[in-house]
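> Sequence:
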Amino acid sequence: SALWPRIDAVGGLQLTNNITEAGFILENRTTGWSAGLQMRYNIFRGAADAQAAELARVETLRRRAEIDDLRGQMRLQLASAIERYEQGRRVLETERRTLAAAERNAEITLVAYRQGLVDDMDVRQSQQSLVEILTRLAQTESETYA
157 SALWPRIDAV GGLQLTNNIT EAGFILENRT TGWSAGLQMR YNIFRGAADA QAAELARVET
217 LRRRAEIDDL RGQMRLQLAS AIERYEQGRR VLETERRTLA AAERNAEITL VAYRQGLVDD
277 MDVRQSQQSL VEILTRLAQT ESETYA
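Residue numbering for the sequence shown follows our numbering, starting at 157 and increasing by one per position.
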């Protein structure tokens, strides 16, 4: 708005009624209208206005670059979060398969213990392995879905 001229429009109507007692003119009426148009443009601030406009243009470009940079960072963070989630799901699936194998191993060890083929230390070791895998599975689920 500093680069555009300023235009002012003025209009008016005047009505005057004078009554006097002296002389032969007893009444004096004056009516009339007036109008005007005024335009101002500051020619001496042209360089300052042009400089302000250029600074505003540069600031706009800088802000747009910042917005583009933030969008890029958000895309990168989103891609990273998706990749971590997918990796967590793959680890979780591996832990589930490991748990199934450990459960089968614990059952086989227990049957072998009942048949006298293994001692109680082997049974405890298979059960401890099962508990450790269950703990890892719970921790992985917590990290993946948190």
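To be clear, the hints were calculated from the coordinates, so they are not data collected in a lab.
Keep in mind the model is a prediction, meaning the values are calculated, not measured.
Heads up, some of the hints might be wrong.
[Claimed, not checked] Between beta-carbon pairs, the in silico distance windows are:
| id | residue 1 | residue 2 | range |
| --- | --- | --- | --- |
| 1 | Ala294 | Ala268 | 24 to 30 Å |
| 2 | Glu259 | Asp225 | 47 to 53 Å |
| 3 | Asp224 | Glu259 | 41 to 47 Å |
| 4 | Asp275 | Glu239 | 35 to 41 Å |
| 5 | Glu263 | Gln243 | 26 to 32 Å |
Ideal placement from N, C-alpha and C gives every residue a C-beta, glycine not left out.
> Could you check the structure against the hints above and give me the numbers of any it violates, in ascending order?
3 and 4
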